[in-house]
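Protein chains: 4
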Amino acid sequence: MFNIALFGAGRIGKVHAVNIHNHPDTKLYSIVDPYVEGANQLALQYNAKIQTIEEAMLDPDVHGVCIGSATDTHANFIELAAQNGKTILCEKPIDLELSRVRDCLAVLAKTPVSMLVGFNRRFDPQFKKLKSQFGAGVIGKAESLLITSRDPSPPPANYAKASGGMFRDMSIHDLDMARYILGEDPIAITAHGSCMVDKAIGEAGDIDTAVIVMNFPSGAIATISNSRRSGYGYDQRMELHGEKGLLQAGNMKEDLVQHWGESGCVSAKPQYFFLERYEQAYIAEWAHFVDVLAGKATPICDGNDGERALVLAEAALESMQTGKTVLL
Amino acid sequence: MFNIALFGAGRIGKVHAVNIHNHPDTKLYSIVDPYVEGANQLALQYNAKIQTIEEAMLDPDVHGVCIGSATDTHANFIELAAQNGKTILCEKPIDLELSRVRDCLAVLAKTPVSMLVGFNRRFDPQFKKLKSQFGAGVIGKAESLLITSRDPSPPPANYAKASGGMFRDMSIHDLDMARYILGEDPIAITAHGSCMVDKAIGEAGDIDTAVIVMNFPSGAIATISNSRRSGYGYDQRMELHGEKGLLQAGNMKEDLVQHWGESGCVSAKPQYFFLERYEQAYIAEWAHFVDVLAGKATPICDGNDGERALVLAEAALESMQTGKTVLL
Amino acid sequence: MFNIALFGAGRIGKVHAVNIHNHPDTKLYSIVDPYVEGANQLALQYNAKIQTIEEAMLDPDVHGVCIGSATDTHANFIELAAQNGKTILCEKPIDLELSRVRDCLAVLAKTPVSMLVGFNRRFDPQFKKLKSQFGAGVIGKAESLLITSRDPSPPPANYAKASGGMFRDMSIHDLDMARYILGEDPIAITAHGSCMVDKAIGEAGDIDTAVIVMNFPSGAIATISNSRRSGYGYDQRMELHGEKGLLQAGNMKEDLVQHWGESGCVSAKPQYFFLERYEQAYIAEWAHFVDVLAGKATPICDGNDGERALVLAEAALESMQTGKTVLL
Amino acid sequence: MFNIALFGAGRIGKVHAVNIHNHPDTKLYSIVDPYVEGANQLALQYNAKIQTIEEAMLDPDVHGVCIGSATDTHANFIELAAQNGKTILCEKPIDLELSRVRDCLAVLAKTPVSMLVGFNRRFDPQFKKLKSQFGAGVIGKAESLLITSRDPSPPPANYAKASGGMFRDMSIHDLDMARYILGEDPIAITAHGSCMVDKAIGEAGDIDTAVIVMNFPSGAIATISNSRRSGYGYDQRMELHGEKGLLQAGNMKEDLVQHWGESGCVSAKPQYFFLERYEQAYIAEWAHFVDVLAGKATPICDGNDGERALVLAEAALESMQTGKTVLL
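Chains as they are written, first to last, in UniProt numbering: chain C, 1 to 328; chain Z, 1 to 328; chain F, 1 to 328; chain G, 1 to 328.
The reader is advised that the hints may include incorrect statements.
What the simulated footprint calls covered on chain Z by chain F, stretch by stretch (three residues with Cβ under 8 Å from a Cβ of chain F suffice, anywhere in the stretch; the number is not a length) [claimed, not checked]:
(1) 135 to 145
(2) 193 to 203
(3) 223 to 237
If you're looking for bench data, these hints aren't it; they were derived computationally from the structure.
Note that beta-carbon positions come from the ideal geometry of N, C-alpha and C, so glycine has one too.
With the rest of the complex left out, here is chain C:
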């Protein structure tokens, strides 16, 4: 049984808390969050301790840390945990600044500690099935990949700046998935953006609609279609076209009931947002982290993957701003 200190008792922290509790090999040992009320509530529910950052980092009974706190705390917590020998699961991003990411990873590299970066989509059963079918040669060599990724509704405009912009905040998942699915790093990236959803987002210097094209050494081309607002839930689809056919991962719908009537055949929307759509992914991510804790696995997405995705997000931004393809 591994004892886990959870940093962050917010929305994503609660997701991890459930999974830590439900997994037969982990215990939600302590909660660390400056927002006392949220921390207490979670601690009560799971019979966990409240700890300060220092207490958790120095507590020899803590085996692993789960970092789901504010983005600007991630790098510090990673460094502290690494220096104290705690195995790390950290939500993306490591940091919004590439230089800070690199410094942090340098600290980590001097320790034997493993870190799993929370690119949750890598653990989604649909995308894993697609990747395993591809790996099994079902469609032969990859030729083009199309990722559709749309949020149900836009965040407040002021979130735009804080989050690092659409590419760093949202597209970064898709950039990671393109690398992961194809198993190569792109050699060129071209990005196009528009502000179509909310003027205030544009005024804050961000976009809400984007298309990103990446060229890979094998000749394969990946296209990402992003929007901050779908109007019909969380649209998360992937199509991988290869020499022998197509693999297509569709949306998970809220239910499978159809109503056939005067206005046609009506079925449910895709599941609303990431908490619903990636519920199974978070469970699988946690199970993988337990394997890492147990020394049975190395992280399938680590600090390097976190850095690479950020490099791509910055290159996409440069491409959009300059109107030119960026060679990598």
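Given chain C's structure and the hints, the job is docking chains Z, F and G onto it.
Same frame as chain C, but now just chains Z, F and G:
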């Protein structure tokens, strides 16, 4: 090129007129219909003659007759055509009275004339694919067959009586399909009916909702689910379950466009009614009839099939009225 | 926090153990099972006690019992639990003999104890959505209900006798769902059966393929199509046709990935069997039971529902054996 | 009744011949084709004349010409037909050279003759439904358009050069559809290409895999995903995402039969190629042309549309070759 005399210039006559015209080997030679205006209009459109019954039957240039006139004329026209050596396509039913059907078939049997009975669904590409997959052994031995067949909206109640009732008028197609798909004749039939759609239909002594169960010598069980009113178009589906899996023929929708929005994912209804749903079936039926005319094929549904389906419809009626299974 | 004693550490007991553990308001307090090894393993995993029947029944710290033991123990355990004031969740059936069911329910009725009978499908999110849409008037008055229910593969023939036969063991779920969805009790039942899947099942006096038709006071007709072997996973579908359209609950597939290639478009099979298909249903069932424990709800399926379903199963058997409709 | 002279008795000529014959208001009057055997066969089948170019152009009984001959004859035939007052339906492209297209259109512009350019996809019922739903405001303002267009298998490499390359030959349809669906002309185009399918195509200086991104004045972004080889039939899909949701036009499958078995759920591939997929589009295109002939409609795609699509194809080529976005 075969010259065709078309008996009946109504709704179904017009369907045949188009197909006769479009087929490279047939010509719409003449129209026979007591309703002069309709006949003239069709004759004008296709540059066809107007003929009386006698003229058409005696005209040596007429090679085939297509009988799409009122039900109570079918048997007479079949007999005349047979006696005059015209190859026959006759819409179902041959007659609503089994004894008249048998007399008519006896007359036909004394001639060398071939007759195709218009059980249009046998020619539907979906059901043909299902049957051919079954025939190819894809699901092994048949175990249960489920036919769903619902009209978009009920006919006027007075049609109920004229049409011979729901079993003779509507279910008869499904009874024929069960025999055709399974390739056996049932040994028992049990029918259940309700008047749910229109009280006037019940007052006219008919039903509008039915379930018919048939047992076959092989042990296979067929179930037919019928309604005079779907509320969402023409529902024509079939499922054949066998020892190695399931074959399922779905509805043809009006189009394949989906709208994903606030109220879910909306797609089109099934095609409205038999003219739309079985457009391809009527074309294939005509092509088969041309093969019969050319001596290249024998009818895949003949007088015997017409008689058998009527026998089943009457047995279903008896079962419903007595509340007992009828052994055949 | 409610302490639960779990009777039965087998396949279904393990499902409940997970849900008891994961629910924030219940604790897996003790395991009762004569098979010591299985009991110990489960107790170890969840840090639960091992108790004898008597210890659990008499332990004042046990608030509720979850009965997932062998069928022939259910009635006894229900009586003991009722007499000791423990809230009960009991897997179906209460007993295979109707008289024993009635005796047991009479004992229960003399106590204030609530019992939830585990008709798990009532808690399936798909069927709940269908029922709630129907209840909201989306399709108006119900006219016909079609339940398709096929197991992935047949049980051993000797299970046939022990289980009480196909109607009592398997169809009983569908009989319950027909009552539940339509909200009425049938007035007549007609059943047809065949042995198509495994001769040994027939030799043991049972069937493996069945169609059951029920007539309801409203005029609605329900049809159940059952098979012990689908060849493609667990087929669990429902169609409710009403005056304004159709509600259709489809199968849950193993995943949503499609492969488009030379041999067509291939997607996953339905989830394999009830543990997978009804995983969410078992979670929801447990959540409902916690509400019953907490006095916030009365059981949505109780002893009476268990008895009614068994009455229908016996009537179906009588109908099949006599070849006649059984009036209820 | 309009008399039509058909130029070209090849594959596409035969498609038009059927539709000319089947339409109640047109007659296949004559065939013009230097390949005598093909011309004779078609003439015999439809009881049409054989004419030389001059005879057809000068024959006062010819009301319209349908040009389905070799690409390098199109511009000449258009000019001749225009000068002789024949209404024109011309297959795309008008010519592979933009200057020749412009000269030809200048000649046409001096006459009162109407010309319909055969961008067949504009007449496809699926895409028409999508466009009409968009026009009706179902999804509000357009934000992103995604066109997937893949041929079933690649043409011979030597076809690459003759056809003007992938953008001029294949993508041109998609470039036209993007303009048509969005109702705007793009202001920038960026293209990416790869040779993944057949090395010989690359050696001939062409590509077989492409992604094209277009920016529109409204801010909308269109993405085209092309391949010369799908491995699963003709993949022709479109997704239009707007402020209130998504409109999605799916593939037409060869049939709607599904086989559920051990290896999953197998359904049919998309229809094989353009003759099957766009059969209804060609019929609708012809019906529209008859309306143009009758003075009831103006062509929904004319010479200007043909020219615009070619301009976009050339700009796409320039973008791919220079690695830069081309501003229009």
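Original post:
Do three or more residues from the stretch 193 to 203 of chain Z put their C-beta atoms closer than 8 Å to C-beta atoms of chain F?
Top reply: holds (count 4)
Subject >> chain F covers the stretch 223 to 237 of chain Z, three or more CB atoms within 8 Å, holds or violated >> reply: holds (count 8)
Original post:
Taking 8 Å as the C-beta cutoff, is the stated coverage of the stretch 135 to 145 of chain Z by chain F satisfied by three or more residues?
Top reply: Coverage by chain F holds here, the residue count being 4 at a Cβ distance below 8 Å.
Hint violations for this structure: none, all hints satisfied.
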